[in-house]
Amino acid sequence: MQGLSHQQDPLPSRVRRGAGLRAFSRRGAPTRPLSAGEPSMLDIKFIRQNPEQVREACRRKRIHVDLDKVLALDAVCRESKTSFDSLKGEQNRRSKELGKVAPTERAAALDGLKQLSQDVKQAEAQLSEAEASLRTLLLLVPNVLDPLVPEGRDDSENKELKRVGSPREFGFKPRDHVELGVGLDILDIERATRIAGSRTYYLKNEGVLLEMAVLRFALERMMDKGFTPMSVPHLVRSEAMEGTAYLPGGEEQAYRTQGDDMWLIGTSEVPVTAYRMGEILNHAELPLKMAGISPCYRREAGTYGKDTRGLYRIHQFQKVEQVIVCRADEGESKRWHEVILANAEELLQAMELPYRVVDVCDGDLGRPQVRKFDIETWMPSRNGYGETHSASRFHEYQARRLELRYRDEEGKVRYCHTLNNTVIASPRILIPLLENHQQEDGSVVIPLALRPFMGGRERITPRG
RNA sequence: GGAGAGAUGGCAGAGUGGUCGAAUGCGCCGGUUUGCUAAAUCGGUGUACUCUUUAAAUGGGGUACCGAGGGUUCGAAUCCCUCUCUCUCCGCCA
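One point on numbering: in numbering that gives the first Met the number 0, the residue at position 446 of the first sequence is 445, and numbering is uninterrupted.
One or more of the hints may lead you astray.
Computed list of lysine-lysine pairs in DSS-like fashion (alpha-carbon distance at most 25 angstroms, straight line) [stated by the list, open to error]: (1) K44 x K95; (2) K80 x K95; (3) K80 x K120.
Hints were generated in silico from the structure; no laboratory data involved.
Working from the sequences, and respecting the hints, build out all of it.
As structure tokens, this is what we get:
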């Protein structure tokens with residue numbers, strides 16, 4: 000067993016008090032200058048030196064950012080910084096001398112300094128204004144892509160990497176999960192709509208057990224692999240949302256609280272990845288392997304009419320999420336990407352579900368990802384594969400925003416790399432689980448791997 | 001929700017207007033000493049931005065940062081305001 004529980008370093012007091020978060024202003028408004036170690040996303044130096052690569056990322060991800068403006072602002076920032084530095088330097092020098100000046104010459108010296116003080120204030124204001132505008136833009140600049148990312152307009156052009164298992168041939172007319180769930184009295188969507196609106200559900204009876212079983216099963220498997228299970232805050236501050244790159248940009252997809260300015264997480268990726276934000280880790284602590292479990296809340300704005308039936312697209316669900324924080328090593332980062340993908344596949348295989356893996360194309364890739372693999376599980380009712388898992392690699396994009404760093408063997412401070420993947424998300428996973436394992440009589444056979452977590456039950460049968 | 005106390009470097013902890021990036025101790029790194037280890041002793045030890053040197057590593061200069069933001073002042077860790085967080089007591093609560 001490896002992980003945090005065995006290395007409970009006391010939190011540095013500076014960090015505990017939020018000093019490391021200074022980069023992020025309260026309310027998410029960029030008020031502080033970049034010069035104090037501000038995170039952006041991509042290193043401004045990288046953008047400065049590789050503008051074409053960044054431009055290409057914008058084009059391929061279909062994200063519009065005025066890169067020329069970024070570069071221009073960067074130049075303004077540096078000029079302002081230089082002039083502020085020299086003015087402030089002069090002020091410091093002369094102020095220091097003033098203490099030793101003879102009383103008779105004091106008045107004259109003071110006069111000159113008063114003027115200088117005004118100049119310094121002006122230069123400072125100019126600098127912070129430039130830095131604030133730059134930072135606002137910088138937060139929107141997308142991460143560059145892995146050269147292997149396929150080209151494509153949207154998810155229909157994702158590249159299939161492999162298929163595992165084959166869709167079952169039913170000797171009867173299969174029911175969809177809603178029909179099955181209602182018949183088994185483990186699901187009620189109709190009444191949920193009355194109580195809580197669209198895209199909601201009640202699970203009942205063995206439906207509740209089944210959900211808890213897949214979550215528990217997932218957690219156990221992850222713990223076996225050395226992941227530290229984490230029960231996390233479901234309400235977080237905008238710093239964490241911004242740090243994991245859900246903000247700015249994702250405002251419409253997340254629920255925001257009234258009055259306290261907190262956000263309901265859309266995934267435990269947010270609090271788990273942000274767990275050590277603002278800290279400089281010891282290289283010996285890495286990699287951090289964490290498995291978060293939490294409910295997830297999503298507004299699903301703009302999806303009206305899409306996936307309206309059943310448990311596929313809903314406002315609230317439960318998820319176990321695997322998160323890796325590793326050293327800034329491209330190769331290692333890529334290896335972890337494979338590992339977390341394999342972890343999820345292993346669970347699907349254990350649950351005897353057919354699936355395929357796709358390499359998400361550039362047009363379907365989000366701002367922060369370098370590369371993403373989705374797992375799509377066979378859903379008979381869709382007569383196709385439906386996304387159940389998403390494995391992302393971020394390079395240092397999130398770490399930079401989170402100020403999540405480590406000190407390497409040479410004592411050099413570097414940004415970590417972060418990755419994450421679904422382990423299991425319910426009730427979406429109940430769709431293939433119910434549909435693939437259904438029997439002609441409307442009952443559902445519970446796969447062997449889940450039975451220990453179902454009190455030994457082998458099958459869910461219509462009650463009566 | 002009410003009352004109070006507090007926030008300084010990896011940690012502990014000084015510092016109430018200039019000589020403070022910050023004493024001292026611990027930790028850590030390096031040297032000396034030393035059968036080994038330990039002890040002793042000497043030196044070093046933050047982060048970031050920027051300018052400059054360099055092919056680069058690095059070196060040198062400047063600036064910022066003492067919870068965050070703002071204010072007073074020629075000059076703020078130090079004075080004032082606002083906020084955040086932590087702790088204690090009371091209330092409430094699962």
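K80 and K120: Cα distance at most 25 angstroms? 13 angstroms, holds
Pairwise hint evaluation, K95 against K80, where the allowed Cα distance is 25 angstroms at most: 22 angstroms, holds
Need the status of pair K44, K95: alpha-carbon distance at most 25 angstroms? Given pair K44, K95 is violated - Cα atoms ~35 angstroms apart, limit 25 angstroms.
Going through the hint list in order, the structure does not satisfy hint 1, though it satisfies all others.
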